[in-house]
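A.B. asks: The primary structure of each chain is shown beneath.
There are 4 protein chains.
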Amino acid sequence: MEQEVKVAIYGATGYTGVELLNILSKHPRVKIVSLTSQSYAGRRLREVFPFFEGSLGDRFLEEEPSEDYHLAFLCLPHETSLELVPRLLEYGKRVIDLSGAYRINNKAVYPEYYGFEHSYPHLLERAVYGLPEVFREKIKEAQLVANPGCYPTSIILAVYPLLKAGVKVDKIVATSLSGVSGAGRKTALHFHFPEMFGDLFAYSLDRHRHVPEIESIIREVGGMEVSLRFSPVVVPISKGMLSSLSVFCERFDVLEAYLETYREEPFVRVVSEPPHVKHVLNTNLCLLYPFWDDKVGCLQVVSVIDNLGKGASSQAVQNFNLMMGFEEEMGLSKVPNFP
Amino acid sequence: MEQEVKVAIYGATGYTGVELLNILSKHPRVKIVSLTSQSYAGRRLREVFPFFEGSLGDRFLEEEPSEDYHLAFLCLPHETSLELVPRLLEYGKRVIDLSGAYRINNKAVYPEYYGFEHSYPHLLERAVYGLPEVFREKIKEAQLVANPGCYPTSIILAVYPLLKAGVKVDKIVATSLSGVSGAGRKTALHFHFPEMFGDLFAYSLDRHRHVPEIESIIREVGGMEVSLRFSPVVVPISKGMLSSLSVFCERFDVLEAYLETYREEPFVRVVSEPPHVKHVLNTNLCLLYPFWDDKVGCLQVVSVIDNLGKGASSQAVQNFNLMMGFEEEMGLSKVPNFP
Amino acid sequence: MEQEVKVAIYGATGYTGVELLNILSKHPRVKIVSLTSQSYAGRRLREVFPFFEGSLGDRFLEEEPSEDYHLAFLCLPHETSLELVPRLLEYGKRVIDLSGAYRINNKAVYPEYYGFEHSYPHLLERAVYGLPEVFREKIKEAQLVANPGCYPTSIILAVYPLLKAGVKVDKIVATSLSGVSGAGRKTALHFHFPEMFGDLFAYSLDRHRHVPEIESIIREVGGMEVSLRFSPVVVPISKGMLSSLSVFCERFDVLEAYLETYREEPFVRVVSEPPHVKHVLNTNLCLLYPFWDDKVGCLQVVSVIDNLGKGASSQAVQNFNLMMGFEEEMGLSKVPNFP
Amino acid sequence: MEQEVKVAIYGATGYTGVELLNILSKHPRVKIVSLTSQSYAGRRLREVFPFFEGSLGDRFLEEEPSEDYHLAFLCLPHETSLELVPRLLEYGKRVIDLSGAYRINNKAVYPEYYGFEHSYPHLLERAVYGLPEVFREKIKEAQLVANPGCYPTSIILAVYPLLKAGVKVDKIVATSLSGVSGAGRKTALHFHFPEMFGDLFAYSLDRHRHVPEIESIIREVGGMEVSLRFSPVVVPISKGMLSSLSVFCERFDVLEAYLETYREEPFVRVVSEPPHVKHVLNTNLCLLYPFWDDKVGCLQVVSVIDNLGKGASSQAVQNFNLMMGFEEEMGLSKVPNFP
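Chains as they are written, first to last, in my numbering: chain D, 140 to 478; chain H, 140 to 478; chain V, 140 to 478; chain S, 140 to 478.
The hints are simulated quantities; they were obtained by calculation from the structure and are not laboratory data. Any given hint could be a false lead.
Each pair may be met inside one copy or between any two copies, as identical chains are not told apart.
Unchecked claim - Listed below are the simulated DSSO-like cross-link pairs for lysine-lysine, each with C-alpha atoms no more than 30 angstroms apart in a straight line:
id, residue 1, residue 2
1, 232, 279
2, 310, 325
3, 232, 303
4, 246, 434
5, 307, 170
6, 246, 307
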C-alpha cells in the first residue's frame, strides 16, 4: 500500500467539515489523524454525526490536534483562521484554508467586508487561490491555499474563458441561487424549517464578501477592473448552487472559448442544455451553459455546482491532490446520487 | 343582499382555474354559473378537486357553458383563447383572458413566440392589458382584458416607477425564480416529484414568451425601446415568484419614485428589507425592494409575488372588481397563510 | 354592524398565535384589543410579521394587555398558562387555552408528563375540553376551554364514532405524521433547514404528552380503559398532520357509525378515498377514511388535519364561536389553498 | 488487476436501474457490458442521464444485450421479469431480479396481488429471497435471486430477531413512510411536483403487494402465521423509508435479541435513539430502534433504510457480492451524503 498523508481537520463539525470527512474517509491516500471542534471538544465524532462508525466515529474531537500531521484543512470562522494560519505555517505545516481569511490579496478589503483589520498582510501574498482550473501550477507548490468561496467558484469558472481569451468585459450581472447549507450549521429563525420551507429571499444585495473576492481574481487574471452586480438568493434546498450571469463584453466566439478552456479539465463541463443542480450534487463538477444573446448583445452563462462540493470541500480535496502530487481526481466523484 | 354578477370559468381544472374558483367562491358579489373543462367534461367538480364541497362541488364540468352569464374568465391554452375570444365578444360578453393570446399589441410577435399567426389582429387593439397599477382606468371600461403573465407582472411593477418618472433606461437584466405551478398542471418528467425535489434549473433562456410582453408594455408606457435580458429559473416550491432586476439607467431618486408611484396602491408595497416569497403566498400582493447600487451604477430591484395570485388569478379578480365598479380589494387577501 | 367581541391574544408571536391572528383579523365579530409577547414586547407586530399591515401591524406587543377585553386566547407555554388561567378566571374573563395545562382531568398526570405539579387541580374540573364534535354543549357554557392538542384532535375524531356506538375497544395503534410547525417556532439543530430537508424521524416514542390526553378523553366519553400505542413522526413539511390508526375492537358497521356520527358536522368529513393532507391545509377540516380490515380483523382509519388549523388555532375559533353563540363556521375556511 | 464480472442491466433507465448503474460503475470487480431499455433503446445513456460521462455515458441502450455476460440485474416490470427469467436461466445466466415476479413461493398469491397467473411456478422454488441477513448462505449458491421489496426489507429486518429467537408473534401493525421514488419514474398527477409538494397520503391500505411477501417470509423463517396490518404512506421526499412497527408478542429480552442477531452484520445497526432517514440515504444501511413498551405490552421498532439502497439496488449489489464470492461490502457505502 502506498503511503498515506497525515491530515488534521480543524472545525470538523460544520457542513464543510463533515463533507470533507466524508470525502477524506474514502480517499485512498489520506490518514485523518486529528479532528478539532470548539463546540464539541471532548466528545466522540459519532456523538455528533452518528453515521460515522468504526474507528473514525470513535475518534475524539479535540481542541487542538494531539498528533502530528502534514497538512491541515481549516473549516473555521474567518477570524479564527486568520490567527491560526501564521502559527501553522511557522510550524511548517501545509494549509488549505476554507475560510475567507486569506483569499483576497488586498488587505484594505478586510475591514470593510469582514469587519477586521488583516493582521498578516504579508501572508496574503503567499496564499494561493485554490481554483485549480486557474491556478493549478501555483497550487502544486503552495504552502497555503485559500480555498475559494462557493459563489466565486461558480462565477469565476463561468467567466474565466473570457479572461483567458482577453475579451474586454464591461459589466457582469450575476444572480446566484444557493441552498441553505451555504449559510452554515448555526440555527437562525429564517432557516428554521417551517419558515424556510417554500420560501425564497435575496440577501446581502449591496455588500457581499464574495464580491471583492471575485473582482480581485478577475483583476489578477484578466488585468481588468470589472463592475460586478451580484445578487444572492437563498432557495429551499439543502445543497446546490446555480449562478446566472449576464456579461456585457465584446462579442467573441463563445463556444470555442469555453470548449478550448475546459477541454482538458476533469471537473468542468460545457453543456448544450441549461444544466440541473441535481446533476452535480455530491460531486466536484461544475457545469457551464454559455451562449451569446444576439438580441441584447451580451454573453449569458448558467453555472451549477454543489456549494459544499466544488464550492467548498471537494475542491479542497482537489487542491490537496495537486499539492501532494496525487492524481487530481483521486477520491472525487463525478456522478451524483440521483434522484 | 346586493346583486351578484354571473360568471363563467373556462378551463376550471388547471392551476389558474382552481385558484380562481377558490377566490371567487368566497367573493361576495359573484355567482359562478358555469365551469368548463376539456379533460373532465361530464364530471362533477368534486371529482377533480375533492375539497370543493356543497353546491359548488356538485356542479358538473361542461364543454360549453349551459347557462347565461355576464363575464367569462378564460384559463385556457393560448390557441383556444385566441379562437374563443372573438365569439364571446360578439355575443356581448365581457372577458378576462388569462392566456397570452391577446396580451401583445403586435401581431408579428405571435408566429415567433407563440407558434401561430394571430387571426384577429384588430382585437389586439381592443384588449386592455390587465395590470391595474398601470392601466386602471382603461380596465374599468374594457370589454376584453388580457390578464398579464406572472413574470411580466413581477417585472413591470418593478420598473413602472422609472417609466412614470421618465427615467431613461438602457438595459434590464432580470432573473426570475418561479415555483413549479407556473408550468401548469400537465405532468412532465422533469417535474415528477423525485426529479424536481432538490433541483434548480434555468430554461427558455433565449426565447421566452414573456419577453415581448414586457418589452411591449415598456414601449407603450415608457415610450422607450429597452433591451431585456431575461433568465427564468424553476425552483422546487409549488407557488411563488422572485424577480431580481438590475436596471442600467440614469440615476434618479429611487425611493421617492417608488413611494410616489405606489403610495395609494392597495396591493403593491415598497419595503425596506429584501422581501420573502412566503409573505405574499395566497395574496394579491407585490412587494418591491429597490435601491441604487452606487458602486456599479445601476438600479437593483427585488420583486416578489404569488405566481398564481398577483401573477394570475387574484389579479384577474382585481381586474374583475374594476370592470364591475366594485371595491378593488373585494374578495382579495393581503395576509399570507404563515408558516 | 353587529357588535364585536373584544379579545386578547397572549403569546401572539408563536405559530399558533400567528395563525389565530390571521383567522381573527378576518373574523367579522372580533376586535383584537391586545397582543402579548414575552420575546417581542415593546415592538410592533409588523416588526415580527411584516405581512400584518395597517392598524393591526402597527399595534405594539405588550407584556400584559393594557386594554380591557372579554375573552383571552392563550398561546403560551404550559407552565405560563398554568399560572395565568386562575388569575384571568378570577377577573371574570373567558379563556381558551391552547396549551396543555388544563386538558387532562387528572392531576397525577402532570408531574409525569409535563414535569410540574398541577397547582390548581380544582380548575381541571371546570375546564371543558374544546373538541366541539364531542363536547359542543359544554363548550357553549364554558368559562375555560382547554383547546385540544393536534395529535389528540386527529386521533379522537378518528375513534369517536366507536365510543359513541359503544363498541368495545381493546387496543389502538396510532402512528401520526406531523409537519415541523407542530414543534413550535423555537429553533433547534434538527429543525435547521439543511438537516430537516429530506429527513424523517420518530420521537417521544415511549412517553408523549398527548397519550394521557387521548386516554383520558376515551375514558370520559367511552367509559373504557384503552391501551394506546402512539408513535409520532416528524416529516419535512411546514403544516399538516396524518394519523393512521389500527383499532382492535369488536366488529361493527363502520360506515354507518362514521356517517351517523358526523353527518351534521360542518368540519368533519368521512371520505371514500385515503385523504390528502394538502386538501385540509389552512382549513378547519378533518377528513376521515375508515374501513374494516377483514383479513386482520381490525378497524383501520386514516385522519388528516392541519396541525395549526383544526389541530390548534382554527379549532380555537370554532370554540370561540360556540362560546359566543355565533354561527359555528364564522370566519373559518373549508377550502384549502391549492396547490 | 483482478478479473471483472460481466453484467447486464435490464431496464437501466428507471430509478432502481440508475441507482444500480451508479453503484456498479464504481464497483471494482464489475464490467457493465450491456444496458437495456424499452423506452430509450437506440439512444446513448448520456442522453437519458447526462451525468454519466465517458465510455459509460456513450454506451447505447439496447433492446436486448448484444454482448455476452455472466449475470443479469433485472429492473423491469413484474410481467416482463416473469417471462424473461426462465429464458435467462435456461441460457445459464445468473439473475438478480428486482421485480416482484419471483419473490413469493406461493403461486396463488400472484393473480390476487399482481394480476397475473404465475406461468413458472416451479421456478418460485428455485428463487432465493435476496435478504442477506436471513438467507446469506442460500444466496451464495443461487442462480436466481429475488431481490426484496423496499417495504419488506425495512419490515422483515425489524422482526427477524423475533423469528430467530422463536418469540411467538400474534399481530404486527406496520406503518411505513416512503419517498416518492418508490413509485418509480413514471409520471402521475399526484406525483406532479406542485401536487406532491407539502402533501402526505396513504394508499393501497387494504391490498398491497408487499403484504404477502412479508407474510410468506415470516412463515418460512418463523414457522408462524402472523397477521400483518400494513399502512404505507407517501411523504414528500425523493428517497428514504421509515417503518414504525408495533408487534404484539410474548415478552422477551429485546436488546439482547437484536444485538445478538445483528452483531456481525455489516449493514444493520441497532441504535439507541430513534434513527433519522437522512443518516442512511445513499447507503446500504438499515438502522433499527427497538424497545419493549411496558405500558401497552408490545414491541415497538422503528426501522430506516434508503428505499433505493438497502430497499433495492445496493441490496442487489450486496447479493451480487455474495453470489460472486466477493467481499460482501465491496462497492457499498455506509456513510450518507450529509446534509
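A.B. asks: Against the earlier hints, flag every one the structure doesn't satisfy and list their numbers going up.
C.D. replies: 2, 3 and 5
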